[in-house]
Amino acid sequence: MRRVFLIVLLALVAFGLSAQKLTVLFEGNPPFIGQKWATMYDRPKQILEERHPGVKVELLDATAGVQGGVNVMLESLVASGQTPNVVSVTVMRASKFFKPGQALDLKQYVPNDLKKWEPMFLDRVTKGGKVYAVPGTAGALTLAVNLTLAEEVGWKAPPYATAWTLDSFMEYAKLLKAKGKYATVLFSGSNPIPYVTAWFASFGVEFFKNGDYSKVTIDSPQTRKALAWMRMMIDEGYVPPNASQIIDDDSVALSAAGNIGANIWIANPPAKTAYYPFPHATGVKTGGVFSNYIANVAMDKKDKKLNQLGAELAVLITDDVYQKYSAETSGAIATIKGIVTPKLPGNDNYQAAEVLKKFGLFDMGAETAKYPVFRPVIQPFLSQFFDGVIDAETFIKKYEAAANEALN
Amino acid sequence: MKRSSLLILPCLVLCLMFSVVPMALSAVAGLWKIDFQDNVFVGVANYVKAFRDPRFMGSLLNGLVYAILCVAGNFSIAIPLGLAVSDLPKGVRRKVQTALFIPGLIIGVVMAPLWRMVFNPVNGPLVGIFNVWSNRWSAIAAVSLIVIVGSVSTTAMSVSVYAASVGNEVREAARMDGASNWRVRWSIVLPGIANVIVILMILGMIGATQIWENIQTISYARPSFTSGGPIWEIYDTGFTRIQYGLACAKTAIYLAAFGLIMLVARLVKR
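Those protein sequence lines, which keep their order, are chains W and L. Following the numbering used here, the numbering of the first sequence begins with 83 at its first residue and continues without gaps. Following the numbering used here, the numbering of the second sequence begins with 279 at its first residue and continues without gaps.
Keep in mind the hints are simulated off the structure, nothing from the lab. These numbers were taken from a predicted model, which means no experiment stands behind them. Any given hint might turn out to be false.
Derived contacts from chain L toward chain W, CB cut-off under 7 Å, selection only [claimed, not checked]: (1) 411; (2) 498; (3) 502; (4) 503.
Pairs of lysine-lysine residues, derived as BS3-like cross-links and limited to a Cα-Cα distance of at most 25 Å, are as follows [to be verified]: (5) W:367 to W:297; (6) W:238 to W:367; (7) W:383 to W:181; (8) W:419 to W:197; (9) L:327 to W:297; (10) W:181 to L:311; (11) W:307 to W:367; (12) W:387 to W:209; (13) W:425 to W:238; (14) W:387 to W:197; (15) W:181 to W:297; (16) W:480 to L:327; (17) W:209 to W:198; (18) W:452 to L:311; (19) W:479 to L:327; (20) W:212 to W:291; (21) W:387 to W:138; (22) L:327 to W:452; (23) W:297 to L:280; (24) W:479 to W:212; (25) W:181 to W:103.
A virtual CB, placed ideally from N, CA and C, is assigned to each residue, including glycine.
All chains, please: the whole structure from these sequences, using the hints.
Right, here's the structure in full:
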């Protein structure tokens with residue numbers, strides 16, 4: 083009996099030693115309701131372990147209560163030589179690893195799988211021709227128009243997800259103003275990126291030119307036009323007063339109270355709402371939308387077999403099965419071709435999905451590792467501009483200098 | 279070494295491990311540009327940057343103003359209230375003390391939406407009279423008011439508990455000599471608990487320089503980051519702007535400034 087026990091023990095030890103362990107670091111693990119897998123990350127773990135007997139996948143939740151907690155955990159693991167095989171975090175955090183030697187070029191490992199993804203999204207995680215991640219489902223911030231209010235003031239809104247001009251928006255704004263309502267909310271009491279700065283897209287402003295995220299490039303006629311428009315909106319009362327002191331929550335509350343004609347947040351849940359790209363100035367092709375998503379990065383473990391498994395795992399996490407489930411249950415926007423976000427009760431995300439797919443993304447560097455550093459820089463300068471303390475020229479000069487100092 | 283000195287050893291070890299060592303590590307970390315992957319030694323560059331950062335230097339001054347306003351406001355209400363409660367008959371006093379303690383149980387973030395509504399810059403009830411977030415000092419005063427409202431009843435309860443410990447026979451003797459109730463409170467009871475009040479005030483001042491929650495959830499350091507306290511500023515540098523090395527340098531400077539103030543206070547006291 084003792085001999086049998088010893089043999090079994092040795093076999094278990096040998097199996098344990100031979101088993102290959104992969105680690106996935108993620109932030110949040112939503113349940114997979116009504117499916118045979120308990121959570122989002124249980125599924126790829128189970129599938130990979132079934133496909134490759136002897137392979138064990140360890141799930142590591144980096145979600146922390148403190149902002150920055152995920153960053154700290156992720157960076158500490160990397161620094162201590164315990165880099166996870168797959169890092170499944172927001173693209174902003176993941177993009178830090180988009181370089182040779184850190185993240186794998188997935189084209190070398192899973193080229194056929196990558197063909198399933200929308201090129202528009204795959205482009206965002208491609209640097210120097212190397213695909214460093216697979217994107218999960220996306221979220222979009224588009225412009226929500228309160229149709230109930232539009233009807234009330236006598237303005238006929240265009241069909242959802244269609245391009246519209248700033249002139250058309252201003253017609254609506256004038257009607258709203260006449261009824262004591264506001265066209266939108268400009269604020270800088272809390273961080274205005276991307277909520278307020280998305281309006282820059284309407285004028286064709288490019289925060290970063292040619293994908294060079296090392297410097298901000300807003301010294302342009304487009305920026306001057308955008309700032310002049312914002313000044314006019316404030317001075318003529320098309321937006322609520324005290325813009326520099328309004329915070330994001332105030333903006334949401336004002337919209338929910340039915341006082342705002344169009345805002346980046348849902349205007350008023352009981353009211354009818356339609357989603358659009360940001361209205362565009364003459365000569366500007368697209369309005370702006372902003373999106374964020376989870377990117378699955380297979381880290382380079384300097385071991386061909388482990389790397390292959392890591393790449394396979396990265397694809398499995400947000401593959402078509404997951405994205406379809408996510409789109410159909412929560413209205414998420416799929417980044418894989420052919421998955422349509424359906425119309426769900428009380429959820430108008432299908433409109434935002436259409437806006438995103440038709441008009442693309444406004445690039446404010448949100449997918450870069452430097453985003454947290456770059457993002458807060460604008461706030462004091464925009465506040466001073468809103469308050470009339472500095473003019474457009476000073477804003478551009480001061481902001482660009484400060485942003486570029488922060489980026490470098 | 280006396281055997282009794284050994285009794286402080288566990289406390290000393292914990293203090294070293296969880297206060298002194300992290301503080302020293304923070305000061306050292308301030309010499310690095312940290313991103314956990316390619317950390318770069320930058321010498322005193324972070325310290326220079328911190329000293330040249332008007333936001334940070336302003337936050338140190340703000341911390342001092344918060345400490346003065348919060349402690350002055352809190353104790354100017356809590357002391358008379360606590361003394362008055364201490365005179366109540368025992369049964370009633372206990373009930374009042376319990377009632378005073380209840381507001382202290384409400385977490386600041388729960389109250390945040392209410393305060394945001396009160397000070398809302400677009401349609402708040404005060405906006406027609408004065409917009410508090412339009413000016414650094416009024417924003418600091420508003421946050422201090424929020425802190426005072428949240429802490430005054432707990433302080434009053436503490437004062438009443440300590441004041442009640444001053445014997446009834448002393449109070450009765452003073453009253454027999456013709457002292458009014460308030461004369462007894464100010465001239466007999468208050469001096470009797472003065473040391474405790476001073477300690478409460480020092481703790482209150484330390485707490486006030488570390489205001490974070492109300493800034494993070496209500497004021498957002500408006501206008502334009504000018505009304506933040508030092509701890510909020512350090513948090514924002516480290517965890518919002520992800521500049522860990524700079525945040526560590528700011529922490530070391532904050533601790534040094536704090537230590538300097540304590541040292542000066544001690545010298546003045548001598």
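These are the hints, each one checked on the structure:
Proximity of residue 411 of chain L to chain W holds as hinted, the smallest CB-CB distance being about 4 Å (cut-off 7 Å). Satisfaction of the interface hint for residue 498 of chain L is found here, the shortest Cβ-Cβ separation to chain W being roughly 5 Å, below the 7 Å cut-off. Annotation: interface hint on residue 502 of chain L holds; nearest CB of chain W at approximately 4 Å, less than 7 Å. Interface restraint check for residue 503 of chain L: the shortest CB-CB distance to chain W comes to about 6 Å, inside 7 Å, so the restraint holds.
A threshold of 25 Å between alpha carbons decides the hint, and for residue 367 of chain W with residue 297 of chain W the separation of about 24 Å falls inside it, so the pair holds. Taking the CA atoms of residue 238 of chain W and residue 367 of chain W, the gap is about 22 Å. The hint holds against a cut of 25 Å. Taking the CA atoms of residue 383 of chain W and residue 181 of chain W, the gap is about 14 Å. The hint holds against a cut of 25 Å. Between residue 419 of chain W and residue 197 of chain W the CA atoms are separated by roughly 9 Å; this keeps the pair inside 25 Å, and the hint holds.
Between the alpha carbons of residue 327 of chain L and residue 297 of chain W the distance comes to roughly 20 Å, so the proposed pair stays at or under 25 Å and holds. Taking the CA atoms of residue 181 of chain W and residue 311 of chain L, the gap is about 20 Å. The hint holds against a cut of 25 Å. With a CA separation close to 16 Å, the supplied pair residue 307 of chain W and residue 367 of chain W stays within the 25 Å bound. For the given pair, residue 387 of chain W sits about 24 Å from residue 209 of chain W by alpha-carbon distance, which is consistent with the 25 Å threshold.
For the proposed pair residue 425 of chain W and residue 238 of chain W, the alpha carbon gap of about 23 Å is at most 25 Å, so the pair holds. For the proposed pair residue 387 of chain W and residue 197 of chain W, the alpha carbon gap of about 22 Å is at most 25 Å, so the pair holds. At most 25 Å may separate the alpha-carbon atoms for a hinted pair to count; residue 181 of chain W and residue 297 of chain W meet this at roughly 19 Å. Simply put, residue 480 of chain W and residue 327 of chain L have alpha-carbon atoms about 18 Å apart, close enough for the 25 Å limit, and the pair holds.
Between the alpha carbons of residue 209 of chain W and residue 198 of chain W the distance comes to roughly 19 Å, so the proposed pair stays at or under 25 Å and holds. For the given pair, residue 452 of chain W sits about 14 Å from residue 311 of chain L by alpha-carbon distance, which is consistent with the 25 Å threshold. Straight-line distance between C-alpha atoms of residue 479 of chain W and residue 327 of chain L comes to about 21 Å, which keeps the hinted pair within the 25 Å bound. Distance check on the hinted pair: residue 212 of chain W and residue 291 of chain W sit about 20 Å apart at the alpha-carbon level, within 25 Å; holds.
Taken as a hint, the residue 387 of chain W and residue 138 of chain W pair is honoured in the structure, with Cα atoms around 14 Å apart against an allowance of 25 Å. Proposed proximity of residue 327 of chain L and residue 452 of chain W is supported: the alpha carbons are some 19 Å apart, at most 25 Å. With a C-alpha separation of about 64 Å, the suggested pair residue 297 of chain W and residue 280 of chain L falls outside the 25 Å cut-off, and the hint is violated. Straight-line distance between C-alpha atoms of residue 479 of chain W and residue 212 of chain W comes to about 35 Å, which puts the hinted pair past the 25 Å bound.
Among the hinted pairs, residue 181 of chain W with residue 103 of chain W is consistent with the structure: their alpha-carbon atoms are about 24 Å apart, no more than 25 Å.
The structure does not agree with the numbered hints 23, 24 stated previously, though it agrees with the rest.
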